[in-house]
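*Asks:* Fit chain D to the known structure of chain U by using the hints.
Listed in order, the protein sequences are those of chains U and D.
Everything in the first sequence is counted per our numbering, starting at 2 for the first residue and increasing by one.
Everything in the second sequence is counted per our numbering, starting at 2 for the first residue and increasing by one.
These are calculated hints, taken from the structure and not from any lab test.
Model, not experiment: these values are computed from the prediction.
Pairs involving identical chains hold if they fit within one copy or between any two copies, as the list cannot separate such chains.
Okay, derived cross-link-like pairs now, DSS-like style, lysine-lysine, Cα gap no bigger than 25 Å in a straight line:
| # | residue 1 | residue 2 |
| --- | --- | --- |
| 1 | Lys33 | Lys329 |
| 2 | Lys231 | Lys329 |
| 3 | Lys33 | Lys305 |
Protein chains: 2
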Amino acid sequence: MNLRIPGPIPVPEDILESMSNPMINHRGTEFKDILFRTTEGLKSVFGTESSVYILTGSGTGAMETAVVNTLSKGDKVLSISIGTFGDRFGEIAQIYGADVVHLKCLPGTAVDVDEIRNCLNKQPEIKAVLVTHNETSTGVANDLEAISQVVKKEYDNKLLLVDGISSVASLPTYMDLWECDVISTASQKGWMLPPGLAFVGFSNFAIEAYRNSDMPKFYFDIGQYEKYFKLGQPPWTPAVSLMFALDLALGQILKEGIENVYLRHKEIGEFTRHQVREIGFSIFPDEKVASNTVTAVNVPDGFKAGDLIKFMKNNYDIVLAAGQGELKEKIIRIGHMGRTTQDDIKPVIEGLSKFISQ
Amino acid sequence: MNLRIPGPIPVPEDILESMSNPMINHRGTEFKDILFRTTEGLKSVFGTESSVYILTGSGTGAMETAVVNTLSKGDKVLSISIGTFGDRFGEIAQIYGADVVHLKCLPGTAVDVDEIRNCLNKQPEIKAVLVTHNETSTGVANDLEAISQVVKKEYDNKLLLVDGISSVASLPTYMDLWECDVISTASQKGWMLPPGLAFVGFSNFAIEAYRNSDMPKFYFDIGQYEKYFKLGQPPWTPAVSLMFALDLALGQILKEGIENVYLRHKEIGEFTRHQVREIGFSIFPDEKVASNTVTAVNVPDGFKAGDLIKFMKNNYDIVLAAGQGELKEKIIRIGHMGRTTQDDIKPVIEGLSKFISQ
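Excised from the complex, chain U in its bound form (with noise of 0.2 Å):
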């Protein structure tokens, strides 16, 4: 099978390998070493000095992690959305009591740095942003530069939450020289790992506001996290297998350097969308604001995203992916994190290619 959706991708055979490992002890010495030498790699990939937490859980809970960790009920926060997991951002801090102001971006588009600094001007009691660094729903990736730029040099301690979750590792990223606040990332992305574990950056800014939160956390407590990482401990029993993976698939980046695999994927992306359109089709979001890690294609007029997954899968054995709400039959997704190379992609443009001169 050939998956191809934003998420899980398909883990290199070593990887998977080694999860089948034997237990061990997670407060013994052994696992003291891993936690100690993951977090050390994480940090470096995050492009951090300061800290970075390891969690058993998605994505989602990384996000759940950078919100109740930093802000307090009546926050007023800028959740900017361009797209569901945009939306998702905004929607727990709003459950757990924030104050959201939205600013809603059109599905394709990226946020225009203007609009964040009209709304910070209009509204200075913002006290952080969140947004969504790249965005799988649909194929867009944010300038997190341009955003930090404006959000931590043109005004004075806000904190900006990221979710990077299926950025981080695959796109540029540098925490600590864009100033980000929080990162939330997830294994199952440029990770090359399965699902099960999260990663979440915090600035020293961010562990200041930690001391002044007062929303309600427990299992993603960062406080806790900090504590018994100090015996090299998780506070809470990890899914050490996928520690063991985590372990590997590190030192594999390292090896290859995170430059080398931020270039990787901007290759693959730019041969995706190159090959995309020569078949015909066109990308859904503008190339300049299009991602690296996700191709979001717009399905031809007079055909439906269903039937064309439908039939990639029975005829070519690749798993794309549908488009989320509003989107669900206008576009199709196809992932490209982690090791795709360019034969991973050309049976996905010839089914593709087949598929419209059926």
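*Replies:* Only chain D this time, still in chain U's reference frame:
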């Protein structure tokens, strides 16, 4: 290595290997089949016809799920604690805004149901009772059936929330028969799986309580699990590899028959305690309340738990657990969940015996 801590437990080879299966789409039909089949299997083991949800997370996350989905801020709850995990359950409720009444029992004892009755009579506004079924920190099992007889038969409309993390799939637990409203458990115990999944059963009464609960939740919101389950999907990306393992392990448990699994645990518990006494050690709790999943052993006078644990690791490659909190140097704990045989326990006994005769 002979891993004899109260979780993670040694996972059978075939279950470990099942985790190397390639990734699949968690929103596709193959996953749907696994989700439906494992959920049915879980319901059978829980002994319930209502709902069991599968979470990616630890047992602590499953405890949080019990609390935040059934309670509201200001609700008075009775938190029964016979050890550190009982304390944790009450702490979670407190953090989310419940008004917690504590019934704290001496370490090594089980709760006396008369004390529960006293609390409920004195404070009739208590809405929920939180209790640990099997407390691994002290090696004690509460009499859940007797507790339920009081809480559910003698009073109307009280919620019974059970931490069954180290009991379900090991010790007799009949959710519907004993009218438990929520039972939380986790994969790295009697389920014979690595950690990373948690299972939470909700009675119809608990689901009614959910509708009126105002505690904030998102990742652990069972409403989301219920909504997506109807589509044959999890709400968030699940730990797919662990789902493969769950599918296999549940098949084995159901094939053996859950009553046989209970019997095995009873036998290995009795065997372990008998052997421990034979070599002159004493069991921390009273035999009547001793757990059949973990045995807490008193460290003989003049010896230190830390030294004993090191000795066992260095000389026998056996990993035992120390006590927790104030019991740290006083007891050691031997886990015997899952497929533990007498041959797994015998070297532990040999080592303990050697340690004191050095």
